[in-house]
Structures are given as C-alpha cells and as structure tokens.
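In this text, residue positions in the sequence shown follow this note's numbering: the first is 47, and each later residue adds one.
Source of the hints: derived by calculation from the structure; they are not laboratory data. There could be a bad hint or two in this list.
Said to hold, decoys possible - Quick list of simulated restraints, FRET-style, between CB atoms:
no., residue 1, residue 2, range
1, Pro154, Cys64, 20 to 30 angstroms
2, Asn73, Thr94, 12 to 22 angstroms
3, Asn123, Leu96, 34 to 44 angstroms
4, Asp330, Thr430, 22 to 32 angstroms
All residues carry an ideal CB built from backbone N, CA and C; glycine is no exception.
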Amino acid sequence: MSHPVRASFPANITLPRCLAFVNRVQNPLALLKTVDQCVGFISWDFTTKLSYAKLIAVVIMYGYLLVSFICALFLVNPAEVHPDYYLKMWFFIGAGVACSLPWIAMFPARHHFRTILEFFTDQYRQDPYHPLRVRSRPIVFLCSAFFFTINTSISVFWCILLQGSCPMVFAFRYSIVERVSPTLYLVQCFHLGMTANGTMVTALTILLAFIVEFDVLGDDLRECFDTMTVDIIRRGVGRHQRLLDMVNLFREKIKPYFLIAMGLYLFLVTFSCFLLVVQLREGDYQALRFNVFNAAISIVSIVMLGAICDVLEDRVKQVGKQVYESGWPLKLVHNREQQDIYRWQKSSLLMVLARSQKKVGFTAGNIFQMSSVTSMQALKLCYTAFTMLWNATND
C-alpha cells in the first residue's frame with residue numbers, strides 16, 4: 047500500500063523564484079564543511095596548506111588574546127585611558143574568551159563529529175533522491191547560510207564598536223605599535239567572532255540534518271511495516287537504531303557548546319541592555335541603532351537554539367507515530383506455520399514504537415534542558431536585567 051510523502055519543516059518550505067538557484071545544491075552540509083575547513087574544529091588535513099594556515103591563525107589568535115590580557119591587567123594605567131575605551135578593552139578580552147571557549151570545548155570531540163558527518167554523507171549517498179531529502183537540501187543550506195550571516199554581522203558589529211580600544215596601544219607608546227596594533231586588533235576581533243560562528247554553524251546544521259534524517263526514516267519505516275517483509279523491516283530497524291545512536295552521541299558531545307553558547311548570547315544581550323541604557327541617557331541614537339541590531343540578532347540566536355532542539359525532539363517521536371499509522375494491522379496476522387516470523391514482526395514493531403517514545407533530552411551541560419521554553423525564560427531574565435538597569439539610572 048502506497049502512501050503520499052508527508053512533508054514538514056524543512057521539506058515543506060517552497061522557495062521563491064528569486065532563490066530557485068539554491069535548488070541546485072546537492073550537499074546541504076557544503077557550507078558547514080567549507081566553514082569548518084577555515085575556522086572549525088573538525089577538519090585537520092595536514093596534507094593541505096589550509097590546515098597549516100588554520101593552525102597558525104589559531105595559535106596567533108590565542109597568543110594575541112593572552113598578550114592583550116597581560117597588557118590590560120599589568121601594563122595599562124586605567125587613569126590614563128578613557129573609561130569607554132577601558133570598558134571596551136575588557137569586553138574584548140571577556141568576549142574573546144567566551145568566543146574561543148566553544149571551539150576549545152568541542153575540539154576533543156572532533157573525531158565523534160567527523161563520524162556523525164560521515165554518517166550523513168553515507169545516508170545521502172545511499173538514497174540521494176528521496177523526495178524529503180531533495181526538498182530539504184536547499185532549505186538546510188539556506189538555514190546554514192542564515193546562521194552564518196547573522197553571526198558574521200555580530201562579529202562585524204563588535205569590530206566597529208571596539209575600534210580604538212586595543213590594550214597594546216595604551217601599554218606600549220611606540221609609533222610602530224600604534225600603526226600596526228589597531229589593524230591587527232580588528233583582525234583578531236573578527237577571527238574570534240568567526241571561530242564562535244563556525245562552531246555555531248556546525249551545531250545547528252547538524253541539528254537540521256538530524257531532523258531531515260528522522261523525517262526520511264519515518265517515511266521509510268512506514269513503508270517497511272506496510273509490506274511486513276522481514277528483510278526490509280530488519281534493515282529499517284537497524285537503521286533506526288543507528289540513527290538514534292548518532293543523535294545520542296551528538297547530544298552528549300554538544301552539551302558543553304550549548305552551555306557556553308547560551309552563556310555567551312545571554313552575556314551579549316545583557317551587555318547590550320547596559321549599553322542601551324547608557325546610550326538612551328546620553329542621546330547617542332546613532333550607536334543605539336547598532337546596539338539594538340546586535341541585541342536582536344543575539345535574541346534570534348537564543349530562540350533558534352531552543353526551537354530547533356524542540357523540532358528534533360518532535361521528529362524522533364513522529365517516527366513512532368508514522369509506524370503506528372502504517373498498514374501493519376492488515377499484515378500482522380498470527381498463524382501456526384509462521385509463529386517465529388509473527389513474533390519477530392511484533393517485537394520489531396514494539397521496539398520501534400518504544401524507542402520513539404524516549405526523549406533525546408538535549409541539555410546545556412547537564413544544567414538545564416534546551417527548549418524554546420528555556421530560551422524564553424532566558425530572554426525574560428535579560429528583560430529583567432534591562433528594567434533593573436533602567437530603574438537604577440532613574441534613581
């Protein structure tokens with residue numbers, strides 16, 4: 047019995063004509079892999095010059111951050127620096143550490159993430175023309191591009207905002223330092239931001255890829271239990287277990303990232319609230335527009351983290367629902383001649399249904415659950431901080 051393919055996000059989205067060219071994308075992970083080769087933590091192929099360049103850039107980035115910290119702490123006299131520049135100087139150090147921490151936390155798990163990406167590649171290779179995969183490819187690619195773009199804009203924003211606050215310029219009063227350091231300072235600001243950006247693109251693109259794979263698996267398992275063919279069911283059940291193993295592996299390895307990312311975005315939103323209060327009091331509406339833009343992008347990122355985790359949890363459950371709604375009641379018939387087959391078919395059906403009811407349970411460092419509810423609670427906390435700052439300045 048044939049069923050129509052049930053499409054939901056991302057497969058149910060139709061692109062406008064102006065974006066029709068994206069339908070040519072064959073690999074939805076293409077942007078992820080490209081970004082990872084440049085600033086990510088997974089790809090390290092030292093047979094190519096790019097990996098050596100990435101390694102050198104990482105060493106320079108962390109070395110520069112360490113030297114900036116030493117200069118700000120021991121060599122810069124706060125009395126000789128404008129308070130605004132001094133605040134930005136320490137913001138660069140704090141935000142730089144926060145941007146680099148996700149990369150450092152995920153680096154030990156790079157082999158596991160490589161295994162997950164290889165799993166996705168195998169799935170695409172085995173059945174590249176499944177309708178749900180074909181419809182989802184451009185959407186997953188566009189979502190990755192959207193994540194990449196908004197986080198790049200945050201990096202550019204902070205590069206503009208932090209101009210003139212290089213600790214080395216205030217620590218060393220040499221002309222060559224004053225000429226070279228500001229440019230290098232902005233380059234390192236951008237590199238730190240892009241390091242965090244690459245880690246976020248990796249995490250969210252893999253989440254979207256899991257959503258698509260559970261959609262495809264649910265549709266395939268529905269067909270399996272329609273036919274009740276032993277070999278087809280065996281392959282489908284094995285595939286289901288393999289996909290669950292992959293998503294559970296991802297859940298365990300992504301915990302540090304979720305904790306650091308939520309902390310970083312909450313810090314950015316809260317700091318933006320502080321700047322908003324100061325700028326509103328001073329009437330600096332030009333800077334206010336940039337700050338509102340930065341806060342809005344950080345808020346969108348917080349909401350997306352929780353919402354995508356919710357969607358994936360729902361798709362894991364939908365596999366069981368699709369199997370239950372298949373034609374198994376017409377095929378699962380007990381008779382004495384095929385008792386072993388009947389018991390195996392029944393146990394396979396119950397196994398898939400039971401596995402689908404278990405939540406994946408994404409958490410941020412085992413501290414709180416990742417969901418849209420958690421994201422909204424975090425935003426309420428930021429709003430509370432904003433109102434407290436506003437009331438404090440009124441007094």
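Now the hints, each set against the structure:
1. Pro154 to Cys64: 20 to 30 angstroms: At 42 angstroms between Cβs, range violated.
2. Asn73 to Thr94: 12 to 22 angstroms: At 19 angstroms between Cβs, range holds.
3. Asn123 to Leu96: 34 to 44 angstroms: holds, 42 angstroms
4. Asp330 to Thr430: 22 to 32 angstroms: holds, 24 angstroms
The structure shown violates just one earlier hint, number 1.
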